[in-house]
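Participant: Below are the chains, spelled out letter by letter.
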Amino acid sequence: MSTTTHPSIPGSIGAAIPRREDRRFITGAGRYVDDIVLPHQAYAVIVRSPHAYAQIRAIATAAALAAPGVLAVFTGHDVAADKVGGIPCGWLVKSKDGSNMVEPPHPMLVKDRVRHVGDQVAVVIAESKAEARAAAQLIEIDYEVLPAVGTLQDATAPGAPAVWAEAPDNVCFDWDLGDKAAVATAMASAYKIIDIEVRQNRVIPNAIEPRAAIGHYDPAGDYYTLYTTSQNPHLIRLLLGAFVLGIPEHRLRVVAPDVGGGFGSKIYHYAEEAIVVWASKKLGRPVKWTAERSESFMSDAHGRDTIMTAQLAVDKDGKFLAFKVHNVANMGAYLSTFAPAIPTYLSATLMAGCYTTPAIYVEVKAVFTHTVPVDAYRGAGRPEAAYLIERIVDKAARELGIDRLAIRRKNFIRPDQFPYKTPVALEYDVGDYEATLALALKAGDYDGYPARRAASQQRGKLRGIGFSTYVEGCGIAPSALVGQLGARAGLYEAATVRVHPTGSVSVFTGTHSHGQGHETTFAQLVSDKLGVPFDHVDIVHGDTDRIPFGMGTYGSRSLSVGGSAIVKAIDKILKKGKTIAAHLLAVSESDLVWSRGEFRVAGTDRRKTIAEVAFAAYVPHNYPIDKIEPGLEESAFYDPLNFTFPAGCHLCEVEVDPDTGVVQVVQMVAADDVGVVLNPMIVDGQLHGGLVQGIGQALYEEAQYDESGQLLTGSYLNYGMPRASDFPFFNVSTHPTACTHNPIGAKGVGEVGAIGCPPAVINAVLDALAPLGVTDISMPATPEKVWRAIASAQAAASTRD
Amino acid sequence: MSRVTLQVNGKQVSVVVEPRTLLVELLRDKLQLTGTHVGCDTSHCGACVVHVGGRSVKSCTMLAVEADGATVTTIEGLAQGGKLHPMQESFHQHHALQCGFCTPGMIMSAIELVETRPHADEHETREWLEGNFCRCTGYHNIVKAILSCRDAMREKSA
Ligand code: FES
Ligand code: FES
Numbered sequence: 033m034s035t036t037t038h039p040s041i042p043g044s045i046g047a048a049i050p051r052r053e054d055r056r057f058i059t060g061a062g063r064y065v066d067d068i069v070l071p072h073q074a075y076a077v078i079v080r081s082p083h084a085y086a087q088i089r090a091i092a093t094a095a096a097l098a099a100p101g102v103l104a105v106f107t108g109h110d111v112a113a114d115k116v117g118g119i120p121c122g123w124l125v126k127s128k129d130g131s132n133m134v135e136p137p138h139p140m141l142v143k144d145r146v147r148h149v150g151d152q153v154a155v156v157i158a159e160s161k162a163e164a165r166a167a168a169q170l171i172e173i174d175y176e177v178l179p180a181v182g183t184l185q186d187a188t189a190p191g192a193p194a195v196w197a198e199a200p201d202n203v204c205f206d207w208d209l210g211d212k213a214a215v216a217t218a219m220a221s222a223y224k225i226i227d228i229e230v231r232q233n234r235v236i237p238n239a240i241e242p243r244a245a246i247g248h249y250d251p252a253g254d255y256y257t258l259y260t261t262s263q264n265p266h267l268i269r270l271l272l273g274a275f276v277l278g279i280p281e282h283r284l285r286v287v288a289p290d291v292g293g294g295f296g297s298k299i300y301h302y303a304e305e306a307i308v309v310w311a312s313k314k315l316g317r318p319v320k321w322t323a324e325r326s327e328s329f330m331s332d333a334h335g336r337d338t339i340m341t342a343q344l345a346v347d348k349d350g351k352f353l354a355f356k357v358h359n360v361a362n363m364g365a366y367l368s369t370f371a372p373a374i375p376t377y378l379s380a381t382l383m384a385g386c387y388t389t390p391a392i393y394v395e396v397k398a399v400f401t402h403t404v405p406v407d408a409y410r411g412a413g414r415p416e417a418a419y420l421i422e423r424i425v426d427k428a429a430r431e432l433g434i435d436r437l438a439i440r441r442k443n444f445i446r447p448d449q450f451p452y453k454t455p456v457a458l459e460y461d462v463g464d465y466e467a468t469l470a471l472a473l474k475a476g477d478y479d480g481y482p483a484r485r486a487a488s489q490q491r492g493k494l495r496g497i498g499f500s501t502y503v504e505g506c507g508i509a510p511s512a513l514v515g516q517l518g519a520r521a522g523l524y525e526a527a528t529v530r531v532h533p534t535g536s537v538s539v540f541t542g543t544h545s546h547g548q549g550h551e552t553t554f555a556q557l558v559s560d561k562l563g564v565p566f567d568h569v570d571i572v573h574g575d576t577d578r579i580p581f582g583m584g585t586y587g588s589r590s591l592s593v594g595g596s597a598i599v600k601a602i603d604k605i606l607k608k609g610k611t612i613a614a615h616l617l618a619v620s621e622s623d624l625v626w627s628r629g630e631f632r633v634a635g636t637d638r639r640k641t642i643a644e645v646a647f648a649a650y651v652p653h654n655y656p657i658d659k660i661e662p663g664l665e666e667s668a669f670y671d672p673l674n675f676t677f678p679a680g681c682h683l684c685e686v687e688v689d690p691d692t693g694v695v696q697v698v699q700m701v702a703a704d705d706v707g708v709v710l711n712p713m714i715v716d717g718q719l720h721g722g723l724v725q726g727i728g729q730a731l732y733e734e735a736q737y738d739e740s741g742q743l744l745t746g747s748y749l750n751y752g753m754p755r756a757s758d759f760p761f762f763n764v765s766t767h768p769t770a771c772t773h774n775p776i777g778a779k780g781v782g783e784v785g786a787i788g789c790p791p792a793v794i795n796a797v798l799d800a801l802a803p804l805g806v807t808d809i810s811m812p813a814t815p816e817k818v819w820r821a822i823a824s825a826q827a828a829a830s831t832r833d
Numbered sequence: 052m053s054r055v056t057l058q059v060n061g062k063q064v065s066v067v068v069e070p071r072t073l074l075v076e077l078l079r080d081k082l083q084l085t086g087t088h089v090g091c092d093t094s095h096c097g098a099c100v101v102h103v104g105g106r107s108v109k110s111c112t113m114l115a116v117e118a119d120g121a122t123v124t125t126i127e128g129l130a131q132g133g134k135l136h137p138m139q140e141s142f143h144q145h146h147a148l149q150c151g152f153c154t155p156g157m158i159m160s161a162i163e164l165v166e167t168r169p170h171a172d173e174h175e176t177r178e179w180l181e182g183n184f185c186r187c188t189g190y191h192n193i194v195k196a197i198l199s200c201r202d203a204m205r206e207k208s209a
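Heads up: the sequence lines are chains A and B, in that order.
Heads up, the first sequence is in the working numbering, so the first residue is 33 and it goes up one at a time.
Heads up, the second sequence is in the working numbering, so the first residue is 52 and it goes up one at a time.
Simulated from the structure, these hints should not be mistaken for laboratory data.
Honestly, I wouldn't trust all of these hints.
Stated by the list, open to error - According to the in silico footprint, chain B covers these stretches of chain A (three or more CB under 8 Å from chain B):
no. : segment
1   : 46-56
2   : 283-292
3   : 543-555
4   : 610-620
5   : 710-717
6   : 756-763
Said to hold, decoys possible - Partner residues are not named here, just some residues of chain A that face chain B (Cβ under 7 Å, in silico):
no. : residue
7   : Gly62
8   : Asn238
9   : Glu241
10  : Gly721
11  : Leu744
12  : Ser747
13  : Tyr748
For clarity, every value in this text was computed on a predicted model and none was experimentally measured.
Don't be surprised by glycine CBs; every beta carbon is placed ideally from N, CA and C.
All chains, full assembly: derive it from the sequences and hints.
Facilitator: Structure (structure tokens):
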């Protein structure tokens with residue numbers, strides 16, 4: 033099914049309805065955290081470490097305190113004196129030997145030792161931001177600079193400086209998954225072993241809205257409010273309230289209003305959120321902090337940053353026999369909220385890809401460095417798995433002289449093999465990998481490729497085509513399962529559906545929309561299930577005082593988990609509604625059929641609409657009061673039974689200029705199975721955005737630290753943000769197989785673009801360069817890297833001649 | 052302190068600002084026109100684009116005092132009598148926004164493009180957006196929306 037042609041039935045599932053939230057954004061009426069001005073609000077500026085690793089000998093704050101407009105200056109000493117808790121990590125991973133990961137403290141403001149450039153040392157609060165900024169310059173900090181470890185490569189070198197005394201070798205945990213012995217046996221007798229080492233470049237999420245937070249303490253009710261740029265306000269309430277400041281849930285409200293993109297970076301609980309709430313109580317005034325972009329670069333959690341080595345055992349026909357992976361993953365200086373789960377449960381578990389490899393063994397060594405914490409970024413662990421697998425599969429094809437598509441097809445899990453248990457702990461419920469591959473080849477006119485390649489050649493360009501047939505696991509997550517795996521929270525979702533007396537509907541969801549369009553898609557879902565007009569449904573999110581509970585939006589979970597909670601609540605509404613309708617119509621419930629907003633007496637035209645039922649529920653004059661309560665409002669929690677497994681094929685064509693090394697993506701095709709699609713326009717948009725982040729990682733983006741831990745890419749001057757001119761129009765389509773275990777059949781679309789695309793891009797670059805003898809290139813494939821690869825391949829060729 | 056008098060979205064306003072105040076600060080903090088956003092501190096992202104004297108300007112890069120006497124239009128001033136500007140409508144119809152944070156700057160930039168270069172093709176449109184970052188949409192639908200609006204406006208003037 034192509035998503036570019038679709039029926040436009042308002043209010044129904046599958047219709048490309050333009051988003052209702054657009055109106056406020058296109059007229060400038062959006063309300064983001066930095067737009068909020070509370071009466072009497074003061075402004076906070078954070079003083080951050082310029083060093084990667086240093087001992088604070090002394091902090092002199094007197095001059096800052098005396099500066100105009102300054103209300104307060106707080107340091108780590110004030111935090112320690114108040115016995116404020118540290119920023120917690122939400123996931124506990126155990127090493128192979130059963131020991132717990134090393135979990136260092138993460139103070140809200142550092143008192144004695146800073147551990148990355150950007151670490152927060154003090155906060156200055158003033159009447160205006162300009163005054164706070166000026167006063168921050170007056171704080172004098174005497175640092176004793178210590179030798180630091182700035183890169184993943186250096187972290188495990190013998191004699192490397194230790195980030196934490198409790199981890200002298202910088203190892204946070206050393207974990208494994210799979211059957212090591214079975215892999216060794218298969219390797220021993222294999223026809224060939226394919227070796228690879230790949231690097232996941234470190235990237236910076238760069239949501240265009242910088243993070244911001246306002247803390248407001250109200251002494252009247254001993255009540256705290258935090259406005260924050262968050263993807264999951266309830267999770268922040270839990271972490272901030274229970275772990276950092278010790279505020280019970282009923283006295284803490286967290287509001288995430290309009291949020292300008294997240295991509296993972298706004299999942300985590302950050303120190304600044306705690307600082308503004310804590311400082312507000314101390315000052316008796318609301319305190320606002322807004323990141324400058326240069327702060328975002330050094331304080332938002334970064335993504336990826338792993339080095340993987342792997343061996344794939346194959347027989348002579350290209351059948352995969354065993355796969356062994358060793359992954360070294362950078363955690364940064366502290367453990368961010370989900371960090372330990374990313375290389376392990378969200379990456380190692382996906383190492384089967386969409387193939388039947390019978391034996392797999394994965395080791396993950398997580399290490400500390402003197403860098404910003406690393407955590408989930410769009411895809412979170414699955415891009416790392418997909419990239420490794422799809423690179424080594426291409427390499428196997430090349431070394432065996434087998435066609436790249438043929439080797440994939442030979443190893444695909446076939447549709448009749450589902451549900452399919454992988455050797456790395458997952459059970460894929462459903463999929464059709466051949467179908468999305470075929471769709472991509474057709475959409476990308478694969479047959480016409482040789483002609484396009486020849487045309488490029490005529491223009492002096494090297495053309496290459498690359499593929500990736502990936503699978504990912506999202507719809508996070510079955511609570512019992514992730515609990516066994518170390519999660520410290522459940523990962524269900526909650527919803528309340530309130531049918532008002534006149535039949536309009538408010539839906540309260542624990543997921544959060546920061547670009548995903550839930551206000552539209554969820555309304556489509558409710559309109560469809562409840563049979564009320566689309567315009568009569570309002571979706572409420574982002575406020576812990578209005579929404580009963582929730583776990584938020586990440587891991588492409590909103591529709592498959594959050595939407596399913598809504599459906600469960602609607603089921604309860606309909607059950608109660610049926611009792612009411614049966615009473616009103618004086619029939620038995622079994623005589624009623626439910627169809628598009630009405631309970632009908634089967635075989636007659638007697639009926640009650642949901643609006644009539646709602647009215648009776650709130651004006652219960654004639655009502656089955658012996659059986660049910662008045663009112664029509666239901667809540668539900670939905671805990672998924674399994675992950676969901678979107679999959680697909682991405683096809684990329686590039687042109688390389690051999691003189692400059694510039695790579696241009698000239699065609700990008702994504703053919704994905706994201707399950708049942710509610711709004712194809714929104715699904716396409718999610719794919720486009722994911723593709724640009726995927727191509728960005730493959731070609732342009734990299735956060736670089738030098739060996740001393742200085743961030744070299746600290747602004748848009750030197751970080752490769754993808755721009756409009758870097759891309760062609762994309763060719764995206766979907767082929768759904770319905771998820772078998774949630775009531776919607778949806779799998780998730782938020783991350784697939786960023787997961788499937790990078791290996792397709794790099795495989796295309798390597799295909800273009802293959803005639804020159806280039807066999808490897810690392811991300812990002814910048815012009816310099818490509819040019820050097822060409823030059824050294826040519827040099828090697830000329831020495832051979 | 053300096054007094055700045057300017058016309059913003061058709062209204063005459065006069066405010067006292069510090070000399071270091073940026074135009075974007077005047078708009079957001081003094082006039083509560085928070086539709087204009089700040090996404091960076093290096094004049095790269097374009098979230099802050101407004102029109103000054105009919106031309107698009109990064110309002111984080113201009114001092115408020117430089118705008119003295121000028122005519123400024125922000126995203127809030129585009130819709131007339133509740134009727135959206137064709138570019139706003141086109142962004143909506145083409146799903147050219149997700150989180151909406153880059154959107155005001157994108158729309159203001161795009162309007163100058165179609166007004167000053169009515170024949171801009173896809174390539175020129177993409178080049179024009181050099182100074183406008185979007186992290187959500189992959190630019191695909193933004194470029195579509197601009198080209199479609201360009202066609203509609205060209206037809207109208209033909
Ligand atoms: S705020 Fe980024 S260019 Fe003005
Ligand atoms: S819509 Fe989010 S940055 Fe453009």
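Participant: Hints first: check each against the structure and report whether it holds.
Facilitator: Structure-based check of each hint:
With a cut-off of 8 Å between beta carbons, the segment 46-56 of chain A has 6 residues touching chain B; three or more are needed, and the interface restraint holds. Using a Cβ-Cβ cut-off of 8 Å, 3 residues of the segment 283-292 of chain A lie near chain B, which meets the minimum of three, so the contact claim holds. Only residues whose C-beta sits within less than 8 Å of a C-beta in chain B count toward coverage, and the segment 543-555 of chain A has 4 of them, enough to reach three; the restraint holds. Counting residues of the segment 610-620 of chain A whose CB lies closer than 8 Å to any CB of chain B gives 0, so the stated coverage by that chain is violated, three being the minimum.
For the segment 710-717 of chain A, the assignment as covered by chain B holds, since 4 residues bring a beta-carbon within under 8 Å of that chain's beta-carbons and 3 suffice. Counting residues of the segment 756-763 of chain A whose CB lies closer than 8 Å to any CB of chain B gives 5, so the stated coverage by that chain holds, three being the minimum. Interface restraint check for Gly62/A: the shortest CB-CB distance to chain B comes to about 5 Å, inside 7 Å, so the restraint holds. Taking 7 Å as the C-beta cut-off, the interface hint given for Asn238/A holds, the closest approach to chain B being about 6 Å.
Taken as an interface hint, Glu241/A checks out: its beta carbon lies about 4 Å from the nearest beta carbon of chain B, inside 7 Å. At its closest, the beta carbon of Gly721/A sits 5 Å from a beta carbon of chain B; the interface hint therefore holds under the 7 Å criterion. For Leu744/A, the shortest C-beta to C-beta distance to chain B is roughly 15 Å, which exceeds 7 Å, and the interface hint is violated. Interface hint status for Ser747/A: upheld, as the beta-carbon distance to the closest one in chain B is roughly 5 Å, under 7 Å.
Hint status for Tyr748/A: holds, given a least beta-carbon distance of 4 Å to chain B, under 7 Å.
Comparing the model with each numbered hint stated earlier shows that hints 4 and 11 do not hold.
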